[in-house]
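Just so you know, the sequences run in chain order A and B. Terminal number for the first sequence in this note's numbering: 415, no gaps in between. Terminal number for the second sequence in this note's numbering: 415, no gaps in between.
Treat the hints with care, since some could be wrong.
You can't tell identical chains apart in this list, so a pair holds if it fits in one copy or across any two.
Stated by the list, open to error - Result set (BS3-like, lysine-lysine): computed pairs, CA atoms no more than 30 Å apart in a straight line: (1) Lys306 to Lys73; (2) Lys198 to Lys332; (3) Lys73 to Lys248; (4) Lys306 to Lys404; (5) Lys410 to Lys382; (6) Lys332 to Lys382; (7) Lys332 to Lys73; (8) Lys145 to Lys198; (9) Lys382 to Lys73; (10) Lys307 to Lys73; (11) Lys306 to Lys248; (12) Lys307 to Lys248; (13) Lys73 to Lys145; (14) Lys198 to Lys307; (15) Lys117 to Lys145; (16) Lys248 to Lys382; (17) Lys404 to Lys145.
The set of hints was computed from the structure by calculation and includes no laboratory data. This structure is a prediction, so every number in the text was calculated from the model and none was measured.
There are 2 protein chains.
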Amino acid sequence: MPELRKDPILRRWVIIATERARRPSDFLGKKKDTKGPVGFCPFCDGNEDKTPPEIFALPHGNRQPNTSGWRTRVVPNKYPALAIEGDLGRQGVGYYDRMNGIGAHEVLIETPDHDLEMGDMSISQLVMILKTYRARISDLLNDRRLRYLLIFKNFGAAAGASLEHPHTQLIATPITPRAVKQELQSALDHFHDKERCLFCDILYQELREEERIVSANDHFVALCPFASRFPFETWIFPKKHAAHFSTSSDDLLNQLAYCLRDALKRIATALDSPPYNFVLHNSPNVMSRARHPGYWQTLDLDYHWHIEIMPRLTKVAGFEWGTGFYINPTPPEQAAKYLRDVKVSFPD
Amino acid sequence: MPELRKDPILRRWVIIATERARRPSDFLGKKKDTKGPVGFCPFCDGNEDKTPPEIFALPHGNRQPNTSGWRTRVVPNKYPALAIEGDLGRQGVGYYDRMNGIGAHEVLIETPDHDLEMGDMSISQLVMILKTYRARISDLLNDRRLRYLLIFKNFGAAAGASLEHPHTQLIATPITPRAVKQELQSALDHFHDKERCLFCDILYQELREEERIVSANDHFVALCPFASRFPFETWIFPKKHAAHFSTSSDDLLNQLAYCLRDALKRIATALDSPPYNFVLHNSPNVMSRARHPGYWQTLDLDYHWHIEIMPRLTKVAGFEWGTGFYINPTPPEQAAKYLRDVKVSFPD
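Produce the entire structure from the sequences given, and follow the hints as far as they go.
In structure tokens, the structure reads:
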């Protein structure tokens, strides 16, 4: 059973993955787990029996589970960081806090096509991916042990991807992560002060000033944030206030597909398909938010979901680890201008 | 002039290094700044005229500055992230906060010998390095614009080092970094509750339980922390309470030299000289601490300086960026046992 441990000094939680304990020799020579024959991909069409049994797939229809014919497919991670079965087992160990590593760790296979990046997909495929995110979040919200559902994508080996086939991951945790708590606290403080959403206020300022905007459509805006940690960091916000991604309508997901594809394609074109991470910042489960002082007064009017895309162009070193702040060599105003000016075209 | 910007959502500061603005093309093909002929090192003995003029060197003696004959030497970083001259220029920009990127960025050249790693140095050389740290911190404490002095080392390209020659860096910032504020807050809360140092309490528990201890001498202990973020992460603490590294006596630095060398050598031996970062976590400048509510009651009895060594064996990916928590595949109890059991030997 993996274990969750809390640092009493930094109040941050760590997953200790005790089941695949790594010895020094495992880190030498960068050996990889064998994943079958070279060139074999368990996520490709026709290899459905090489993954753990599927949890979800689109489109819905007459297809048998774990057979060909899907356009998106969700399976448990074969090497999960957290285990789905069991009790939380919260314990104090002297000055320390621990609990069992309960949660979910799923792989969302974005397409049967091994080589199709998100920036080059059709809108209908991207909408299907976004509907898959929505469906998995909505389902896991029912598990009362889980406090937070994190959707994230690692693209490229330097961004932590261990398989090439286009995929997103979902990790559900029994605690609200520290970075999310900080966002919630800022948003809540702002709301108590002004009775307005901090994110909405920032968007209003950004849309008026324009210099950090990458693109916008009727319902979404992509921008390089004022205090970007990384060169060409790009965030996508719904223009209309919404705390929970999972309440998005089909229409809204359709607009998001256009905005997300456009941003990824601009980054890929300007920077020659760099490795990147993206993370969906969503409101925590209600059970979790309820524990946050003052939450009930806000009725979800304070938090605003969004996507953060982080190209991995610079190395994070001792300075960043030691302080939690970052050196970014590219001012976001310049990054936004480059991304705005780059020429992109799409299959549809 | 570089700029410091604060994210209003995560309340984290970022350095926007406006002077060396990077265009997309600078990130393609991983071009490096030219640093003279291949094989040339500006930090080697005899090349003193190839660095900016030196700030400090040891041993003190009759030597002319910027000539041969030093054992440690401190120079300004040629490409500083922060500028030493100027006013802070704090400003609000709508919902955002900014200030000028004032601070110091120095390179502490650890030895004239290009190939000598810390784990293989003599104790007298290591003591000289630690005295150099102490001298630079003590000097910069006099600059009232500066709130925090960070000493850190990046070893190996994967840990962010751009030059091979053994060196440490110092960055002095006009704000207290968020990660440090969190440590201070935890320590202060604990002190107000118990009138004891949180770190001292943790050390007492660790020394009694022993399972995460790597090594100890009369005055220092090296251990793998309970909630280690990274495999084989190792922290070094003085056993006796002290908030400020810069108050360490020569005797204490001598003992630290033994403990630090031992820990680095164990990591290098067990893991085949992995890339690593280490960071000295020191109490902020008094000016900075004074702003922390409740500080004056504690008289420095709450904070406890220490060194955090982080081998870079795993990749940080979307999950970590999105949540601020970490997946560590090696339980610290096992890491500590491996490091305890590995055989090491030293030149003196």
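To see whether the hints hold, each was checked on the structure:
For a Cα distance limit of 30 Å, the shortest separation of Lys306 from Lys73 across copies, 23 Å, qualifies, whereas the shortest one inside one copy, 36 Å, does not. With identical chains, the CA atoms of Lys198 and Lys332 are at most 30 Å apart within one copy only, with a shortest distance of 20 Å there and 51 Å across copies. Proximity of Lys73 and Lys248 under a CA criterion of 30 Å is satisfied in both settings, with 15 Å inside one chain copy and 17 Å between copies. When the C-alpha separation of Lys306 and Lys404 is checked against a cutoff of 30 Å, the pair qualifies only within one copy, where the shortest distance is 21 Å, while the shortest distance between copies is 53 Å.
Taking CA atoms no more than 30 Å apart as the test, Lys410 paired with Lys382 passes inside one copy only; the shortest distance there is 28 Å, against 32 Å between copies. Taking the closest pair of Cα atoms, Lys332 and Lys382 come within 30 Å of each other both inside a single copy (23 Å) and across two copies (25 Å). For the identical chains of this complex, Lys332 and Lys73 are inter-copy neighbours only, at 28 Å across copies versus 39 Å inside a copy, given an alpha-carbon limit of 30 Å. In this homomeric assembly, Lys145 and Lys198 come within 30 Å of each other (Cα to Cα) only inside a single copy, at 23 Å, whereas the closest approach across copies is 50 Å.
Taking the closest pair of Cα atoms, Lys382 and Lys73 come within 30 Å of each other both inside a single copy (27 Å) and across two copies (21 Å). Taking identical chains as interchangeable, the C-alpha atoms of Lys307 and Lys73 lie at most 30 Å apart only when they sit on different chains, with a minimum of 25 Å there against 36 Å within one chain. In this assembly of identical chains, the alpha carbons of Lys306 and Lys248 lie at most 30 Å apart only when taken from the same copy (23 Å versus 33 Å across copies). With identical chains, the CA atoms of Lys307 and Lys248 are at most 30 Å apart within one copy only, with a shortest distance of 22 Å there and 34 Å across copies.
In this assembly of identical chains, the alpha carbons of Lys73 and Lys145 lie at most 30 Å apart only when taken from the same copy (25 Å versus 39 Å across copies). For the identical chains of this complex, Lys198 and Lys307 are intra-copy neighbours only, at 19 Å inside a copy versus 57 Å across copies, given an alpha-carbon limit of 30 Å. For a Cα distance limit of 30 Å, the shortest separation of Lys117 from Lys145 inside one copy, 10 Å, qualifies, whereas the shortest one across copies, 53 Å, does not. Taking the closest pair of Cα atoms, Lys248 and Lys382 come within 30 Å of each other both inside a single copy (26 Å) and across two copies (24 Å).
With identical chains, the CA atoms of Lys404 and Lys145 are at most 30 Å apart between copies only, with a shortest distance of 28 Å across copies and 41 Å within one.
Against the hints set out earlier in the document, no violation occurs for any number.
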